[in-house]
Amino acid sequence: MVTSHDVRADDGRILRVHDSGSSSADAFTVLWHHGSPQTGAPLRPLVSQAAQRGIRLLSYGRPSYGGSSPQQGRDVSGAASDVGTIVEALGIARFAVMGASGGGPHALACAALLPGRVTAAASVAGLAPLTDGGLDWFAGMAADGASLRSALRGPADRRRFEETADFDPTSFTVEDYAALEGPWSALGADVGEASADGPDGLIDDDLAYVRPWGFDVGDIRVPVLIVQGGRDRVVPPAHAYWLLGACRDGELWLRPNAGHISILDTCGLALDWLRAHSGDS
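Following the working numbering, the numbering of the sequence shown begins with 1 at its first residue and continues without gaps.
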């Protein structure tokens with residue numbers, strides 16, 4: 001059973017936290033970082049996969065998502081501070097992190113900035129940072145990455161873009177749509193709930209992705225799993241290859257026929273990998 005409660009950050013903000021709990025007090029713990037836009041509540045397939053493995057699954061809503069307070073001008077690195085507050089409040093000393101899509105960068109932030117606490121990290125279809133060299137960041141994105149390009153021009157342009165934004169149906173593959181109608185239907189419902197609350201979280205996410213992240217991926221000293229679909233048009237495979245090259249201890253799982261949603265079918269195996277590479281196998 002998942003319980004939800006609020007944790008107060010040092011600056012007074014509220015963080016809405018979700019905890020699957022566990023029958024074991026010393027259960028291996030994974031903190032999940034959600035995509036954009038989502039509420040932060042853990043999705044049913046993840047909860048089930050964690051429970052089958054005796055894993056305690058935590059998640060939370062980033063600022064402006066799912067009951068968490070706004071935080072104007074936040075960057076990706078801010079996730080590490082918020083997560084540090086959450087695990088301190090729950091009395092958790094060590095844990096792994098995993099994020100999908102827009103959650104990937106935030107999981108990597110925790111791995112880089114919470115040394116000694118984060119044991120391993122997984123980024124599933126996650127973005128790489130916007131750098132000056134080595135990666136054509138927008139290449140291969142559906143709609144040419146229009147929302148992220150508007151964010152690059154600044155907050156005002158990103159908000160104007162949102163007023164007329166439409167979803168590009170070519171962002172997803174046939175397999176992605178099948179996943180949304182089947183095992184990952186909870187994802188579509190959660191996106192709808194987050195969207196109904198307004199665009200602030202999504203806009204702030206996009207602005208954070210195109211700004212300096214506040215940490216260097218090369219500083220991560222724990223094992224990092226990078227999971228990528230070869231047919232992903234939301235976060236193209238080049239991002240995964242860049243992350244692999246930047247990580248000191250990285251491993252890439254490439255699923256050539258998977259897209260942005262269907263790649264989530266690997267999450268159970270990724271949980272196994274996190275446990276095996278955290279010294280808690």
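None of these hints come from the bench; they were simulated from the model. In this text, all values refer to a predicted model and were calculated from it rather than measured experimentally. Positions of the beta carbon are idealized from the N, C-alpha and C atoms, including for glycine. Among the clues, some could well be false.
Said to hold, decoys possible - Pair by pair, the computed Cβ-Cβ distance ranges are: (1) Arg153 x Gly279: 30 to 38 Å; (2) Ala276 x Ile14: 19 to 27 Å; (3) Asp166 x Ala189: 36 to 44 Å; (4) Ala89 x Gly192: 28 to 36 Å; (5) Thr3 x Asp272: 23 to 31 Å; (6) Gly268 x Gly91: 20 to 28 Å; (7) Gly188 x Gln52: 20 to 28 Å.
**Item:** Assessment of proposed distance window 36 to 44 Å (beta carbons of Asp166, Ala189)
**Value:** Given range 36 to 44 Å: violated, Cβ gap about 20 Å.
**Request:** Could you check the hint for me, namely that Thr3 and Asp272 are 23 to 31 Å apart, CB to CB?
**Result:** Holds: the Cβ-Cβ distance is about 25 Å, inside 23 to 31 Å.
**Request:** Indicate whether the distance between the beta carbons of Gly268 and Gly91 respects the range 20 to 28 Å.
**Result:** At roughly 27 Å between Cβ atoms, Gly91 and Gly268 fall inside 20 to 28 Å, so the hint holds.
**Asked** Within 28 to 36 Å or not, the Cβ separation of Ala89 and Gly192?
**Response** holds, 30 Å
**Request:** Using the Cβ atoms, figure out if Gly188 sits within 20 to 28 Å of Gln52.
**Result:** holds, 23 Å
**Item:** Cβ separation of Ala276 and Ile14, checked against the hinted range 19 to 27 Å
**Value:** Given range 19 to 27 Å: violated, Cβ gap about 35 Å.
**Prompt:** Lying within 30 to 38 Å: is that true of the beta-carbon distance Arg153 to Gly279?
**Reply:** Roughly 45 Å apart at Cβ, these two residues miss the hinted range, so it is violated.
Hints 1, 2, 3 from the list above are not met by this structure, while the remaining hints are.
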